[in-house]
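S.K.: Could you build the full structure based on these sequences and the hints that come with them?
Oh and the first sequence: position 271 is 270 in numbering that gives the first Met the number 0, straight run, nothing missing.
One should not assume that every hint holds.
Pairs of lysine-lysine, BS3-like flavour, derived with a Cα cap of 27 Å [unchecked claim]: (1) 276 - 234; (2) 393 - 493; (3) 393 - 62; (4) 393 - 65; (5) 276 - 241; (6) 125 - 208; (7) 65 - 234; (8) 125 - 451; (9) 125 - 393; (10) 234 - 310; (11) 393 - 129; (12) 129 - 451; (13) 241 - 208; (14) 125 - 137; (15) 234 - 208; (16) 62 - 234; (17) 310 - 276.
Think of the hints as simulated: they come from the structure by calculation, not from any bench.
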Amino acid sequence: MSDLLANLNAEQLQAVTLPPQHALILAGAGSGKTRVLTTRIAWLVQTGQVDPQGVLAVTFTNKAAKEMLARLSTMLPLASGRSARSIWVGTFHGLCNRLLRAHHRDAGLPRLFQILDSADQLAAIKRLLKTLNIDDEKFPPRDLQHFINAQKEAGLRPHAVEAWDDYTRRRVELYTEYEAQCQRESVVDFAELLLRTFELMERNEPIRKHYQRRFRHILVDEFQDTNRLQYRWLKLLADNGKEGGGCLFCVGDDDQSIYRFRGAEVGNMRDFEREFKVRNVIRLEQNYRSYGNILDAANAIIVNNSARLGKNLWTDRGGGEPIRIYEAFTDADEARWVVEEIQTLVRDGTSRSDIALLYRSNAQSRVLEHQLFSAGIPYRVYGGLRFFERQEVKHALAYLRLIANPDDDTAFARVVNFPTRGIGARSVEVLQDAARTWNASLYSTVPHLSGKPGMVLAQFVRLVEDMRRDTRSLPLPELVDHVLEVSGLRSHYKVDKEGQDRLENLDELINAASNFLAESAQDAEALAEPHALLADFLAHASLEAGDHQADAGQDAVQLMTVHAAKGLEFDAVFLSGLEEGLFPHENSILENEGLEEERRLMYVAVTRARERLYLSFAQSRMLHGQTRYNLRSRFLEEIPEGLTKWLSVQGSRTRVGGMGVGGYFQPAKGAFSTKKKPEAVVSRDLGGFRIGQTVRHARFGQGVIVSAEGGGADARVQINFGPAGLKWLLLSVAKLEAA
DNA sequence: CGCAACTGGACCTCG
DNA sequence: TCCAGTTGCG
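M.R.: Take a look at the structure:
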C-alpha cells in the first residue's frame with residue numbers, strides 16, 4: 000500500500016486519502032487527475048473501507064472507463080481480477096443501459112429494447128413528421144431533435160414543458176408523439192437512457208434504496224461536463240447528501256468544460272459544493288505535463304474568462320521552447336508548413352505518434368491529410384465516420400435489430416428495400432398509413448395489407464422471420480455472418496464497384512462480434528435467451544460506435560479535433576486554423592457564453608502539448624467550396640509576446656498592426672509553392688486596395704477585404720470585421736486605411 | 001419501380 | 001466541397 004501512495008504530491012495525497020465525505024477536486028490539465036481517481040478507489044478498497052461492489056465510477060467516454068479499469072486491475076493485485084471487475088466503472092450511458100436491462104420491467108421496457116444513436120433518432124423524427132404530414136420546413140427535424148433532447152436533459156417530459164407560444168406548444172405535441180413512437184417501437188435514445196433510469200429510481204423506492212445502500216463511494220470523472228439530469232441522477236444515487244448516503248467524489252476542471260452545446264452545466268460544480276455542503280475542495284495545480292512557456296500561455300488565455308473557480312497551473316520543469324506561430328497565405332500553405340515541421344521533428348527523433356495535429360472542426364482535416372499523404376507520412380485520423388456509423392455497417396445492424404426487435408421501425412424502414420427488392424416508396428407509404436391507423440409497428444402491420452404491397456412486404460417479413468429462426472442457436476459471429484449472406488448485403492456490395500472497402504467493413508463486423516462474444520461474461524442468463532447476447536451487442540454498437548476507425552499499430556501522426564484530444568497529451572502539438580470565425584467558431588462569437596467556451600477549448604488544445612506547441616493560421620481558406628478571408632484568431636493576441644516566436648515572412652512585423660497582403664512574397668526556403676497565385680493577391684483597381692488586404696475602419700476596427708463590386712466612384716467592398724461582422728462599404732464614403 | 005442526373009443547403013464540436 | 005433529397009426518364 001505504501002507503493003500505492005508513493006510519489007503523490009501533497010495535494011494528490013490529501014485528495015486520495017480524504018475521509019469518507021463528499022469532495023470536489025479541481026484538477027487542472029496534466030495534474031494527475033486520473034491517477035488521483037484510480038488511486039483513491041484502490042486505496043479505499045485496499046484499506047478495507049469499502050467492498051469493490053460498493054464503488055461506482057462514472058466517466059464520459061468509453062476510453063476513459065477502459066483506462067480506469069485497466070489501471071485498477073494493476074493497482075489491486077492478487078484477488079485483483081475479481082475485485083477490480085466487481086467495481087462498476089462506466090459511462091453514464093453505459094451504466095444506465097445496464098440498469099435498464101436489469102430492471103426493464105419496472106422501467107416499462109421490453110428486455111430487448113434497442114438504442115437509437117443520434118442519426119437513428121434523426122431518422123425516426125423525420126419518419127414521424129412524415130406520418131403526421133407535418134411540413135418539415137416549418138419544423139426542421141434537426142431543430143426538433145435538439146429541442147427534444149434539451150427537454151429530456153432538463154428532466155422534462157412533455158407535460159412539464161412550459162410552452163408560452165404556439166410554436167413551442169406545437170413542438171411539445173411533437174415531443175409527445177415522438178415518445179409514443181419510441182415506446183411503440185421499443186427504442187430508446189441517448190437522453191432517454193438517462194431520463195428513464197432517473198425516473199425509475201425516483202419512483203421505485205426498493206430499487207432506489209437498493210442502489211443507494213450499495214454504492215458507498217461514487218466517483219465522477221470530468222464532472223464539469225455533467226448536464227442537469229446527470230447531476231440529479233448522481234444526487235439521487237447519493238441520497239441527496241443525506242447522512243448515511245454514499246459519498247460523492249467529483250473530479251473536474253471548470254476551465255476544460257467544452258460540452259455546453261450538448262447540455263453540460265459547469266454550474267453543477269458550484270451547486271454540488273453548495274448542496275452537498277462540500278468542505279473538501281482540493282486544487283491540483285502542479286502540472287507534470289508541459290513546459291513553462293506552454294503553461295504560461297494557457298494561463299494567459301484562460302484568465303480572460305470570467306466566472307472561473309480560479310486555478311493557476313505551474314510546473315517546475317522550466318520554460319522550454321518558445322511557442323511557434325506561423326502565418327500562411329492559404330490553408331494549403333499552412334498544411335505544407337505543418338508537414339515540413341513534422342519532418343524536422345521526426346528527423347530529430349520524435350516519434351510520429353507523439354505528434355498531434357489538432358483543429359477545431361473535422362472538415363479541416365482534409366487539407367492536412369492531403370499534404371501528409373503526398374509527403375508519405377503515415378497518419379491516423381480520429382473522428383469523422385466511426386465504425387458502427389458507416390452506411391454498410393448500419394444496414395447490417397438494421398437487419399440484426401429486426402431480429403432482436405421486429406417493432407423497430409427505424410431499422411425496418413432502413414432495409415426494407417435495401418438491397419433493392421422491388422419495394423418502392425409507394426408500398427412503404429401504404430404500409431406507413433396502415434400502421435398509423437392500426438397504431439402498430441410497420442412489421443406487425445404487414446399481414447393486414449392486401450394487393451401488391453401486401454405481397455412484396457410479406458416476402459420481406461418472411462425473410463426476417465427466416466433469419467430469426469435460423470439464427471436462434473447460432474453463436475454471435477456466425478449469426479452476423481448468416482445475416483450478411485441471407486440479407487443479400489454481401490452480394491450487393493460484391494457487385495458494387497466501390498464496394499470492396501464496404502465488404503471489408505462487413506467482415507470487420509463479424510470480428511467485432513467475435514471480440515464482443517469473447518469479452519462479455521458468459522453468464523447463464525445471456526445464454527438462456529437466444530438473442531439476448533445479440534441485443535447486448537447492438538447496445539454496445541450504439542453506445543460505443545467503435546473507436547474512430549484508423550489504421551492500427553503503425554507509428555503515425557495523430558489528427559483529431561480539439562474535442563477529441565481532451566484527456567490526451569503529445570510531445571508536439573500543432574493547432575491550425577487559428578482564425579476568427581473558425582476558432583473561435585463564428586456561431587459562438589456572438590454571445591459571451593459561447594466565446595468563453597471557445598476559449599476553454601483553446602485552453603484544452605494548448606495544454607495537450609508536452610514540449611512543443613505550434614500555432615498557425617491562414618489568410619485565405621477554402622470553406623464550403625469558396626475562398627474565405629479571415630482575421631487571425633483573437634486567442635493568438637492573448638498569448639504574451641515573450642512566450643512566442645513568429646515564423647514565416649511576416650515574422651519581423653509588428654504584432655498587432657499586421658501588414659496585409661501586399662503583392663507576392665518570396666517563399667522562405669521554399670516553404671510554399673509559387674505555382675498557384677494566392678487568390679488573395681489578385682490585384683484590382685479599388686483605389687489602392689486589394690481583395691484580401693487588411694484594413695482599418697474608424698468605427699469597426701480591423702478587417703479583411705473579402706470581395707468587391709462596381710468601380711470608380713461606385714466601388715464597394717465587402718469587409719469582414721470579425722466581431723463587428725461582415726459589411727459592405729462604399730469606398731468613396733468609408734475612410735479606410737491600410738492596417 | 002429503379003437509376004442517374006441534378007440542385008440546394010450544410011459542417012462545429014459528440015455520446 | 002460533399003451529401004441528401006428531388007426530379008425525370010426508361
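S.K.: With reference to the structure, classify each hint as holding or not holding.
M.R.: Against the structure, the hints come out as follows:
no. : hint      : result
1   : 276 - 234 : 13 Å, holds
2   : 393 - 493 : 17 Å, holds
3   : 393 - 62  : 22 Å, holds
4   : 393 - 65  : 25 Å, holds
5   : 276 - 241 : 10 Å, holds
6   : 125 - 208 : 40 Å, violated
7   : 65 - 234  : 24 Å, holds
8   : 125 - 451 : 26 Å, holds
9   : 125 - 393 : 17 Å, holds
10  : 234 - 310 : 26 Å, holds
11  : 393 - 129 : 22 Å, holds
12  : 129 - 451 : 22 Å, holds
13  : 241 - 208 : 13 Å, holds
14  : 125 - 137 : 13 Å, holds
15  : 234 - 208 : 13 Å, holds
16  : 62 - 234  : 25 Å, holds
17  : 310 - 276 : 21 Å, holds
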